[in-house]
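Next come the chains, spelled out residue by residue.
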Amino acid sequence: DSGVTQTPKHLITATGQRVTLRCSPRSGDLSVYWYQQSLDQGLQFLIQYYNGEERAKGNILERFSAQQFPDLHSELNLSSLELGDSALYFCASSGGFPGGEQYFGPGTRLTVT
Amino acid sequence: TQLLEQSPQFLSIQEGENLTVYCNSSSVFSSLQWYRQEPGEGPVLLVTVVTGGEVKKLKRLTFQFGDARKDSSLHITAAQPGDTGLYLCAGGAETSGSRLTFGEGTQLTVNP
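Chains A and B supply the protein sequences, listed in that same order. Count along the first sequence from 1, then add 426; that gives the number in this note's numbering. With this note's numbering, letter number 87 in the second sequence gets 77, and the count goes up by one each step, no holes.
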């Protein structure tokens, strides 16, 4: 158990809908990272937050947004969903130091039908 | 842009064999991490190496960081079916803050 929790575990929704994925980091970790992993692909970095502020952006679509709340949990919002958004979404946390280790949650499997 | 290339992409071996997977870059990293991921689950951190030339052993797994801190290898001795999974390397650099650059992974299958 990494100490990072993600909910829900599975999510099935229709195209055009909006969903929210939730992540709680390890106790003491200030930084949260979101990744997307499609079938047969590696981890694609989406966005990072540190202590409530956006720190880095990767290949995140404009239809996607995220935030980190004062209690350090984070939410990833996906809107106007398309079939191609079906993937595993992982949250990871770290202390936020350069080169620091990241600890991953169990992921949310999103299926868009 | 920093890139990490892993090889081989796929590896299927018999139980008891030895194997090595590689992680290479043209960029220098301040740290290099290895993760193992099983289907449908999150990656699990195996080891972090930070010093050029560093070697770390974790039971049957040996990790090495290149002298120039641009590459790393993972060697598994006497592989077991439980070693099956996707092995990911990830590099951290001072210029990237705490963000990691991930390789595409090596999918290892150990057949009984």
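Be aware that one or more of the hints could be misleading.
Result set (SDA-like, lysine to any residue): computed pairs, CA atoms no more than 25 angstroms apart in a straight line [claimed, not checked]: (1) B/60 - A/527; (2) B/60 - A/468; (3) A/435 - B/97; (4) B/47 - A/496; (5) B/47 - A/484; (6) A/483 - A/509; (7) A/435 - A/523; (8) B/47 - B/73; (9) A/483 - A/471; (10) A/435 - B/26; (11) B/47 - A/509; (12) A/483 - B/68; (13) B/49 - B/84; (14) A/483 - B/17; (15) A/435 - B/36; (16) A/435 - B/74; (17) B/60 - A/448; (18) B/49 - A/523; (19) B/49 - A/509; (20) B/60 - A/523; (21) A/435 - A/453; (22) A/435 - B/94; (23) A/483 - B/47; (24) B/60 - B/29; (25) B/46 - A/483; (26) A/435 - B/46; (27) B/47 - A/471; (28) B/47 - B/85; (29) B/60 - A/484; (30) B/60 - B/87.
No wet-lab data here; the hints were simulated from the structure.
Now the hints, each set against the structure:
Among the hinted pairs, residue 60 of chain B with residue 527 of chain A is consistent with the structure: their alpha-carbon atoms are about 18 angstroms apart, no more than 25 angstroms. In summary, the hint linking residue 60 of chain B to residue 468 of chain A is supported, as the alpha carbons are separated by about 20 angstroms, within the 25 angstroms threshold. The straight-line distance between the Cα atoms of residue 435 of chain A and residue 97 of chain B is roughly 24 angstroms, inside the 25 angstroms bound, and the hint therefore holds. Taking the CA atoms of residue 47 of chain B and residue 496 of chain A, the gap is near 39 angstroms; set against the 25 angstroms cutoff, the hint is violated.
As the CA atoms of residue 47 of chain B and residue 484 of chain A are separated by approximately 33 angstroms, the hinted pair breaks the 25 angstroms bound. With a C-alpha separation of about 23 angstroms, the suggested pairing of residue 483 of chain A with residue 509 of chain A holds against the 25 angstroms cut-off. Taken as a hint, the residue 435 of chain A and residue 523 of chain A pair is broken in the structure, with Cα atoms around 28 angstroms apart against an allowance of 25 angstroms. Of the supplied pair hints, the one linking residue 47 of chain B and residue 73 of chain B holds, its CA atoms being roughly 15 angstroms apart against a limit of 25 angstroms.
Straight-line distance between C-alpha atoms of residue 483 of chain A and residue 471 of chain A comes to about 8 angstroms, which keeps the hinted pair within the 25 angstroms bound. Pair hint residue 435 of chain A plus residue 26 of chain B holds up; C-alpha atoms about 20 angstroms apart against a cutoff of 25 angstroms. Between residue 47 of chain B and residue 509 of chain A the CA atoms are separated by roughly 43 angstroms; this puts the pair beyond 25 angstroms, and the hint is violated. Annotation: proposed proximity of residue 483 of chain A to residue 68 of chain B is violated, straight-line Cα distance about 41 angstroms (limit 25 angstroms).
Under the criterion of a C-alpha separation no larger than 25 angstroms, the hint pairing residue 49 of chain B with residue 84 of chain B is inconsistent with the structure, at around 30 angstroms. Restraint check for residue 483 of chain A and residue 17 of chain B: satisfied, since their Cα atoms lie roughly 20 angstroms apart, inside the 25 angstroms limit. Note on residue 435 of chain A and residue 36 of chain B: the hinted pairing holds, with a Cα-Cα distance of about 24 angstroms set against a maximum of 25 angstroms. For the hint pairing residue 435 of chain A with residue 74 of chain B, the CA-to-CA distance comes to about 23 angstroms; that is within 25 angstroms, so the pair holds.
Restraint check: the Cα-Cα separation between residue 60 of chain B and residue 448 of chain A comes to about 35 angstroms, which exceeds 25 angstroms; the hinted pair is violated. Of the supplied pair hints, the one linking residue 49 of chain B and residue 523 of chain A is violated, its CA atoms being roughly 28 angstroms apart against a limit of 25 angstroms. For the suggested pair residue 49 of chain B and residue 509 of chain A, the alpha carbons sit about 42 angstroms apart, so the restraint of at most 25 angstroms is broken. A distance of roughly 20 angstroms separates the Cα atoms of residue 60 of chain B and residue 523 of chain A; the hinted pair therefore holds under the 25 angstroms criterion.
Taken as a hint, the residue 435 of chain A and residue 453 of chain A pair is honoured in the structure, with Cα atoms around 20 angstroms apart against an allowance of 25 angstroms. Distance hint between residue 435 of chain A and residue 94 of chain B is fulfilled; the C-alpha atoms sit about 24 angstroms from each other, no more than 25 angstroms. As the CA atoms of residue 483 of chain A and residue 47 of chain B are separated by approximately 34 angstroms, the hinted pair breaks the 25 angstroms bound. Proximity of residue 60 of chain B to residue 29 of chain B is assessed by CA-CA distance (about 28 angstroms); at most 25 angstroms being required, the pair is judged violated.
Distance hint between residue 46 of chain B and residue 483 of chain A is unfulfilled; the C-alpha atoms sit about 32 angstroms from each other, more than 25 angstroms. Restraint check: the Cα-Cα separation between residue 435 of chain A and residue 46 of chain B comes to about 34 angstroms, which exceeds 25 angstroms; the hinted pair is violated. For a cut-off of 25 angstroms, the pair hint linking residue 47 of chain B to residue 471 of chain A is broken: about 29 angstroms separates their Cα positions. Distance restraint check for residue 47 of chain B and residue 85 of chain B: the Cα-Cα separation of roughly 28 angstroms exceeds the 25 angstroms cut-off, and the hinted pair is therefore not satisfied.
Using a Cα cut-off of 25 angstroms, the hinted pair residue 60 of chain B and residue 484 of chain A holds, with the two alpha carbons roughly 22 angstroms apart. With a CA separation close to 18 angstroms, the supplied pair residue 60 of chain B and residue 87 of chain B stays within the 25 angstroms bound.
In summary, the numbered hints that this structure violates are 4, 5, 7, 11, 12, 13, 17, 18, 19, 23, 24, 25, 26, 27, 28.
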